[in-house]
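The residues making up each chain are set out below.
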Amino acid sequence: MEFGPNDAQRLFERLVRKLLADHLPMDALHRLANAGSGFDDRFWSALTELGVAGVLVPERFGGAGLGVFEAALAAEALGYHAAPTPFAAAAVMAPLAILGAGSEAARAAWLPRVATGTARLGVAFETLAGSTANSAVERRGDRLSGCLESVVDLAGATHVLVVLDDGTLAVLPVDGPGVRAACRPSLDRTRPPGQVHLADAPAEILEPGSDPQRLACSVVDAGRTMLAADTLGAAQSMLDRAVAHAGQREQFGRLIGSFQAVKHMCADMVAMLEPCRSLVWYAAHAQDAIPEEARVAACHAKAHLAEVGREVSRMATEVHGGMGFTDELGLHYWFKRIGANRQLLGGPERCRQEAAAAQGWSTA
Amino acid sequence: MEFGPNDAQRLFERLVRKLLADHLPMDALHRLANAGSGFDDRFWSALTELGVAGVLVPERFGGAGLGVFEAALAAEALGYHAAPTPFAAAAVMAPLAILGAGSEAARAAWLPRVATGTARLGVAFETLAGSTANSAVERRGDRLSGCLESVVDLAGATHVLVVLDDGTLAVLPVDGPGVRAACRPSLDRTRPPGQVHLADAPAEILEPGSDPQRLACSVVDAGRTMLAADTLGAAQSMLDRAVAHAGQREQFGRLIGSFQAVKHMCADMVAMLEPCRSLVWYAAHAQDAIPEEARVAACHAKAHLAEVGREVSRMATEVHGGMGFTDELGLHYWFKRIGANRQLLGGPERCRQEAAAAQGWSTA
Amino acid sequence: MDLTYSDTHRALQAEIREFARTYGHLSPRSGGGRKRPDQKTLDWQRRLLERGYAARTIPREYGGYGGASDVLEAAIIADEFSRAGLSPGIMNQGISMLVPTLLEVGTEEQRRRWIAPTIRGEVIWCQGYSEPGAGSDLASAQTRAVVDDGHFVINGQKIWTSSAHYADMMFLLCRTDPDRPKHAGLSYLLVPMTTPGIDVRPLTTMTGRAEFNEVFFTDVRVPVDQIVMGRGDGWHVANITLKHERSMLGDPNRLMQRVHRIRDLMTRTRIDGVRVADMPELRDRLLRLQGEVMASRCHYLRLLTERARGEDPGVKQLIVKYFGTTLGHRLSALAVDVLGAAGLVYEPRGEAAEDDEATTWHIDYMYDIGLMIGGGTSQIQKNIIAERGLGLPREPKASARG
Amino acid sequence: MDLTYSDTHRALQAEIREFARTYGHLSPRSGGGRKRPDQKTLDWQRRLLERGYAARTIPREYGGYGGASDVLEAAIIADEFSRAGLSPGIMNQGISMLVPTLLEVGTEEQRRRWIAPTIRGEVIWCQGYSEPGAGSDLASAQTRAVVDDGHFVINGQKIWTSSAHYADMMFLLCRTDPDRPKHAGLSYLLVPMTTPGIDVRPLTTMTGRAEFNEVFFTDVRVPVDQIVMGRGDGWHVANITLKHERSMLGDPNRLMQRVHRIRDLMTRTRIDGVRVADMPELRDRLLRLQGEVMASRCHYLRLLTERARGEDPGVKQLIVKYFGTTLGHRLSALAVDVLGAAGLVYEPRGEAAEDDEATTWHIDYMYDIGLMIGGGTSQIQKNIIAERGLGLPREPKASARG
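Those protein sequences? They're chains F, U, C and B, same order as listed. Using my numbering, read the first sequence as starting at 1 and increasing by one per residue. Using my numbering, read the second sequence as starting at 1 and increasing by one per residue. Using my numbering, read the third sequence as starting at 1 and increasing by one per residue. Using my numbering, read the fourth sequence as starting at 1 and increasing by one per residue.
You can take every hint at face value.
Taking lysine to aspartate or glutamate and the EDC-like style, the derived pairs with C-alpha atoms no more than 20 Å apart in a straight line are:
no., chain 1, residue 1, chain 2, residue 2
1, B, Lys316, F, Glu2
2, B, Lys316, F, Asp240
3, C, Lys316, U, Glu2
Since the hints were derived computationally from the structure, they do not count as laboratory data. Just so it is clear, the structure is predicted and the values come from calculations on it, not from any experiment.
Start from the sequences, fold in the hints, and give me the full structure.
Spelled out as structure tokens, the structure:
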């Protein structure tokens with residue numbers, strides 16, 4: 001038994017972090033975030049080469065054949081660098097959905113393209129994801145009409161995978177007939193939310209698996225775990241910056257980190273945040289290996305990281321004083337990313353409701 | 001317009017506080033609390049003489065003819081001194097109930113005795129008060145059977161006033177036939193909770209007013225306002241002690257109040273607590289003069305003071321360090337009194353539910 | 001305790017309700033941080049001034065309504081506007097800080113010249129206090145002004161100057177007498193922002209807007225009569241201004257209005273088909289905040305009463321900014337949660353146009369953090385509350401750098 | 001990451017479930033602060049030791065089960081006990097602090113003599129660290145021990161000594177070499193509480209029980225071999241003990257068990273006819289705490305893993321006491337709320353008997369505050385976390401008294 005990443009997993013994490021550190025110094029982040037497209041070809045290629053896009057794609061389809069756990073390590077690293085790139089949907093939710101449903105032919109058609117980064121699927125839910133989006137889709141045969149909001153990873157997407165309420169999975173090209181897909185200007189400039197209008201658009205309906213609703217839930221769970229991991233990384237980044245700032249900024253003739261008030265804010269942050277890392281690991285591992293705990297752990301990870309992320313992002317900003325509020329310092333990219341992660345795929349109250357239901361604690 | 005006590009009200013408050021300070025130095029409090037009866041004849045006489053028992057009894061019945069606002073000033077003072085005495089039920093809820101229901105003859109029979117302190121009524125609810133008590137009473141004619149828990153002010157009571165679910169008010173002598181009334185050992189040694197068993201006990205059923213349920217609610221509201229005021233006083237007392245302690249106790253070669261951590265705990269306490277005073281004043285005044293706001297204000301005062309009281313009581317104890325945890329210092333009388341006020345007549349979540357319902361914000 | 005409505009009060013209430021029915025649709029949206037008032041806002045402000053719903057107690061000769069100071073009237077106006085979801089009018093540093101300062105210590109001429117256009121929203125002021133590196137130590141201001149040929153000639157730099165990029169005027173704290181002790185060498189000048197030598201460089205914040213600026217002064221010339229009180233009185237005047245700022249930041253009526261706006265938002269938003277208003281977990285958060293806002297509003301009325309009695313507010317006043325800004329932030333945080341994923345679309349329209357609902361809330365959520373930091377962080381507010389308010393001992397002077 | 005259950009693990013799980021079905025009714029109640037174990041508790045402990053559900057990794061020659069260190073086994077045992085609502089066995093300072101200390105630095109004879117009766121709950125230890133006025137500065141201990149005729153002769157006073165009134169033994173930090181530097185002059189002695197010259201005066205706490213004591217030493221004689229390690233090693237040994245205390249206080253399995261107990265309480269309690277479990281406002285509080293407890297449990301497993309790898313836990317270990325005690329208090333606060341008014345009846349039965357459910361929770365609620373204060377308040381914990389854990393600068397030395 002080993003609670004935490006093993007040597008291979010730590011190596012993978014280190015490589016991802018190295019790549020991100022190289023590609024995303026603050027000026028690059030400013031540039032990509034100001035563009036606001038949430039996607040950069042060169043950066044995506046680099047991630048793909050490292051196996052990030054195909055992290056969950058089995059080796060026989062050309063992927064890295066790793067698990068949700070490794071994906072969470074990558075997500076944490078992406079959050080740490082506020083990386084403007086698709087990931088949660090394109091590299092995790094979509095491939096998991098295709099692995100769980102679809103014919104072997106569909107898998108063979110899609111997964112290799114996911115692994116090479118040439119097929120990038122945004123994921124949209126009609127309602128199952130517990131969000132406030134006004135999404136509704138009508139299906140007639142293999143044609144869909146309607147509107148989908150809060151599409152995850154539509155930035156840079158080649159296709160969108162739609163999860164209908166009955167668990168049906170449909171894939172449409174973003175530039176296909178009857179499809180109008182666009183990213184909206186976003187609070188989180190690193191990952192704009194997408195909107196898709198469908199007007200009698202022809203879709204590829206994937207062959208349903210044995211329990212389509214359950215599969216849809218497990219796709220949500222994996223997505224929530226990724227968002228939790230992303231918040232973990234983003235909050236850690238803000239905490240590290242706050243501690244560094246407190247250790248070098250002087251006011252009133254002293255390093256501000258020597259003031260108890262600042263010190264205790266930092267202590268509170270680390271005391272809140274550090275146990276979250278283990279929770280995220282556990283939730284991710286549960287997706288891979290402990291099906292009976294997967295839903296509760298994912299809901300709790302999503303909800304708890306949302307709460308801790310909010311606190312840490314506020315306190316770290318406060319520790320920075322006026323500088324923390326400026327655009328220039330860039331601290332706000334993480335602040336907003338944490339804010340977006342909180343809302344996507346269901347806020348904390350909603351996630352806790354689902355955790356209660358999954359334990360038979362409520363009828364919700 | 002004047003938001004706050006006027007000169008006459010401030011005079012009344014000062015007199016009550018003076019009397020309490022004289023009667024309840026710490027050794028007296030230790031003695032009365034250790035006895036645990038929640039009632040002391042001599043102390044009650046003194047309070048009665050000052051008009052505290054009859055604060056709400058109209059002058060034509062020999063009372064002070066004051067309002068719930070003045071009663072709240074008294075309640076705050078009683079909380080400040082953790083006074084081991086009946087008040088919320090005996091001096092406020094019961095007389096309000098009798099004023100709102102009952103024949104003129106019943107008023108003439110009861111209220112003068114309330115004002116002279118010779119009739120002391122505990123108040124018991126079947127369910128309306130939102131508590132976890134397991135109370136249930138069956139009425140046959142003017143006879144009651146059943147059990148009532150969490151009776152307020154049964155300590156020293158001569159009678160118990162029972163509020164049934166339909167708003168019916170019944171009065172029984174505690175030593176009457178079929179009545180078995182006893183105080184239970186209590187967390188809050190200054191005001192033990194009461195339990196009453198009724199076995200076909202003859203009761204005086206008061207003539208119902210025009211809207212018995214509404215009257216029952218307003219009795220609960222007044223009671224909740226008193227408990228909020230009591231918590232206000234108790235929390236203020238703990239804060240004052242914490243500030244005094246921080247200003248005189250030395251550790252690590254400094255007054256502990258010069259440490260930012262201690263300083264900020266005190267600042268947080270006062271920032272939370274001081275606005276509560278105005279809220280309690282408003283809620284009390286609303287009982288007297290703004291019927292359309294009375295319920296919402298009482299629910300909010302009860303709920304908010306419960307939350308602030310809990311925080312202040314914990315933080316003030318922490319500021320005292322190990323001493324705060326000892327029996328000898330006596331700080332815990334206030335801690336426990338605040339804890340009891342929180343639970344009596346409905347916890348904060350329940351009170352907020354009722355505030356939502358009263359505003360049409362829910363169907364609860 | 002007396003909150004009785006007289007006939008006049010009842011009439012005022014009826015009058016406002018009638019006004020809300022007739023003109024309510026013309027109200028601009030509340031919240032969303034500071035910007036120069038657009039025409040809609042200016043028109044609305046004019047209507048409010050005519051009826052005395054804004055600047056009610058400011059004398060007629062200065063463009064106000066000339067009403068007597070009546071705490072209950074003020075409360076009725078705030079309440080009715082809050083309930084109807086109407087904007088209570090323009091709130092900016094000129095109106096909240098400079099106008100009361102001029103009423104307190106300005107010359108008759110200064111009052112006649114500046115108050116009317118300021119309360120109409122036509123003249124926008126910014127506050128020239130903070131300087132780079134000085135943090136919250138305002139009295140250490142280094143920006144210099146020397147007298148030359150009937151003018152103050154100003155050189156130096158200010159930072160965190162909100163609204164400077166669109167302001168018409170600045171009230172400026174600067175050092176006119178460097179040889180006198182720190183607090184006695186300061187003066188308080190009124191400076192047109194169009195004066196040559198002023199260079200405003202916007203400081204974009206996390207909201208994506210330029211709420212703050214750096215302002216550089218190079219030989220900026222202002223006539224010597226543009227001073228409030230005398231030379232060396234600057235610290236005194238600045239503190240009068242700050243006193244009014246602290247009151248403004250805790251304004252409970254804006255908080256109350258937020259409660260109502262969130263309640264409304266909750267009835268319009270659904271999560272997987274369920275109205276958020278029917279989710280007890282989120283409703284309880286709103287109720288808890290409503291209780292706290294109710295407490296802060298009562299506290300505000302109490303302060304008004306005690307001020308009218310001439311009592312020293314002490315710690316009661318010192319806590320207002322701290323709990324007011326914190327409460328404001330918690331309210332906007334709840335709003336952001338109710339908006340949820342659908343509310344992540346963020347399109348600030350800049351100075352000229354009105355933002356959509358979600359953008360407005362997100363700006364408030366971030367801007368409120370700025371308020372908690374600005375003008376002395378919450379940490380410094382807590383020091384002030386504990387030391388000045390509760391009399392706790394100051395931190396010992398450090399004998400060595402940390 | 002590997003949490004796979006081997007066949008052995010599955011067998012252990014099945015075995016515990018069978019044990020719970022057969023013997024679960026014999027379990028004493030958890031919580032309620034410290035007291036001397038009653039016969040029921042001692043019997044239960046004996047059963048747990050036999051099966052290795054307690055003291056699993058302690059060698060057989062010292063009375064333990066002699067199991068290999070297996071993080072997953074420990075987790076399975078804790079989980080299954082928590083789920084079944086069974087007491088995980090006796091937890092006291094002897095078992096959690098002295099036993100691991102002796103295993104680490106005790107002599108073979110000390111181990112053989114003390115470990116077995118301690119883990120059986122027959123020998124109760126108390127900790128002689130704090131002294132009056134010294135606050136959290138343990139290294140300033142003034143209680144003296146001088147050597148005379150093969151004995152240490154002890155004089156002085158300790159305070160906040162929990163369990164001293166019923167303990168059999170004390171591990172005592174005292175000054176044996178006053179001429180050496182502060183930290184180098186201390187020794188760590190094992191002292192029978194029946195030794196003449198020891199006067200224990202109970203210090204009744206807010207729970208109404210005597211959880212703490214003052215202990216006075218007057219010419220107390222202890223054979224010189226009752227020392228752990230050598231003279232002057234006291235500070236080193238005490239820190240080993242404290243390290244184990246910090247781990248104990250954050251024990252997430254007790255927290256997990258609290259979650260289950262509260263859930264159960266919620267299904268049994270009604271407010272005006274509505275099950276508390278069906279009140280989303282209170283249920284959400286429990287769920288939020290469940291998430292935090294889950295995080296703290298995962299954190300604990302991570303620490304075990306990293307410790308097994310020989311990694312330095314650093315800040316990860318330092319935070320455990322702070323968040324563990326805070327979380328414990330918030331859990332008992334929720335329990336007290338669920339109990340509500342009906343739970344205000346409070347009847348502690350003293351050392352000998354088991355308290356009722358409400359009393360147990362109220363004691364925990366208060367006792368948890370004691371834990372937040374004891375052994376360095378939460379404020380001091382935060383200093384330690386920030387300075388030792390994050391490397392933030394220490395406060396400058398004061399140049400003058402406040």
